[in-house]
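J.: For reference, the chains in residue letters:
2 protein chains.
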Amino acid sequence: MITIGALSKRTGVNIETIRYYERIRLMPPPPRTDSGRRLYGAEDVRRLTFIRHARNLGFDIAAIKTMLTLQEVPEASCEQVSRIATDQLDAVESRIRRLLGLRTELTRMIKECDNGKVATCRIIEVLDDSSGHPDGP
Amino acid sequence: MITIGALSKRTGVNIETIRYYERIRLMPPPPRTDSGRRLYGAEDVRRLTFIRHARNLGFDIAAIKTMLTLQEVPEASCEQVSRIATDQLDAVESRIRRLLGLRTELTRMIKECDNGKVATCRIIEVLDDSSGHPDGP
DNA sequence: GTTGATTCTGTAGTGGCTACAGGAAGTAGG
DNA sequence: CCTACTTCCTGTAGCCACTACAGAATCAAC
Numbered sequence: 035m036i037t038i039g040a041l042s043k044r045t046g047v048n049i050e051t052i053r054y055y056e057r058i059r060l061m062p063p064p065p066r067t068d069s070g071r072r073l074y075g076a077e078d079v080r081r082l083t084f085i086r087h088a089r090n091l092g093f094d095i096a097a098i099k100t101m102l103t104l105q106e107v108p109e110a111s112c113e114q115v116s117r118i119a120t121d122q123l124d125a126v127e128s129r130i131r132r133l134l135g136l137r138t139e140l141t142r143m144i145k146e147c148d149n150g151k152v153a154t155c156r157i158i159e160v161l162d163d164s165s166g167h168p169d170g171p
Numbered sequence: 035m036i037t038i039g040a041l042s043k044r045t046g047v048n049i050e051t052i053r054y055y056e057r058i059r060l061m062p063p064p065p066r067t068d069s070g071r072r073l074y075g076a077e078d079v080r081r082l083t084f085i086r087h088a089r090n091l092g093f094d095i096a097a098i099k100t101m102l103t104l105q106e107v108p109e110a111s112c113e114q115v116s117r118i119a120t121d122q123l124d125a126v127e128s129r130i131r132r133l134l135g136l137r138t139e140l141t142r143m144i145k146e147c148d149n150g151k152v153a154t155c156r157i158i159e160v161l162d163d164s165s166g167h168p169d170g171p
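Residue numbers (this note's numbering), protein chains in the order written: chain A, 35 to 171; chain B, 35 to 171.
Be aware that one or more of the hints could be misleading.
Identical copies go unnamed one by one, so any copy, or any two together, can satisfy a pair.
Subject to a maximum C-alpha distance of 27 Å in a straight line, what follows is the list of computed DSSO-like cross-link-like pairs (lysine-lysine) [what the hints assert, rightly or not]:
| # | residue 1 | residue 2 |
| --- | --- | --- |
| 1 | K151 | K99 |
| 2 | K99 | K145 |
| 3 | K43 | K99 |
Since the hints were made in silico from the structure, they are not lab data.
Can you build the whole structure from these sequences, using the hints too?
T.: Pasting the structure below:
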C-alpha cells in the first residue's frame, strides 16, 4: 500500500488531481491510515494509469467513466468501447480540420503584414473586416 | 443607436456574451436609455466584430485586449500586433502537431480492436499499458 | 526535540462563456 | 386602457478539468 504522493509519482498524476478524481467518483475512495491518510494499491495504480493515458488521448471524464465501467464486465462486447474511441477520433479530426483552417488564415494575415503602422496593419484590417473569414468573398 | 439584441444579431455574438465582455472590460460600458437599456453605436459594432473574428481565430481575450489597445494609437508600429499573431500561429501549429499524434494513436487502437470481448480489447490494453504512449518503446 | 516534508480538508480561482431567476419596461393588437 | 408577448435588466451559479491556496495535523529523519 502506498501514499498519495507515491501514487502521484508512479502515475504522473498530480496529487490534487487524484483527490479531485475521488471527489467526482472517477477513483474509488481508498482505505485510510489511523491518522486519515489515503492508502493505494496496485489496482489504483492501474486504474489511474488508464485514466491518465485516456486523458492524454483527449477522452473526457464521462467517456473514461464509461470505459472503466465496461471493463468491470470482461465478457461484455467491446463494441461500446470501440464506439467511444471512434467518436473521439472524429472529434480529433474535426479539431484538426478547424486548426488547419486557422493556420491558413493566420499565415496569410502575418505574411501580408509589413510591420508598418497599426493604422495600415493588414492583420487588424482582416480582423476588422466582416468579409475577412475563410468562406467570405 | 441600437439595442443589445440588435447588436447581437448584427455581430453574431450572444447577448449574454456581450454583457460578459462589458463586465471584463473588453467592451466599454455603453450609454443607457432612461429605463437603463444599453445603447450601442457603429464603433461598438466594429469593435465587437473585431473581437468575434479574433476569437474565431483562437486568440484569447488578453491578446484581443492588447490588440484593441494598440489600435487606439494608429501611428504605433504594428510589430506587437504581428508578434501576437505569430504567437497564436505557433500555438495553433503545436496544437495541430499534438492532435495529429493523437489521431495516429487512436487510429491504430481502433484498427486493432476486433470488436470482441472487453477482456481482450486492444483499445483497453493500450490505455492500460504504461508503454502505450506515442514516445514509448 | 526540532526541523522539514507530506498529507489533510475545504474553498476559491482559472477561461470563456452559458443558463437561469425574478423583475421591469417596451411593443402590438383589441 | 388592458392584455399578451418580447426584450431587457441584475445577479448568481454552473460548465470542464483541473490548480492553488490556507491552515492544521502528522510523519520521517537527525
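J.: It remains to establish, for every hint, whether it holds in the given structure.
T.: Here is what the structure says about each hint:
no. : hint          : in the structure
1   : K151 with K99 : between (53 Å within a copy, 18 Å between copies)
2   : K99 with K145 : between (45 Å within a copy, 22 Å between copies)
3   : K43 with K99  : within (23 Å within a copy, 39 Å between copies)
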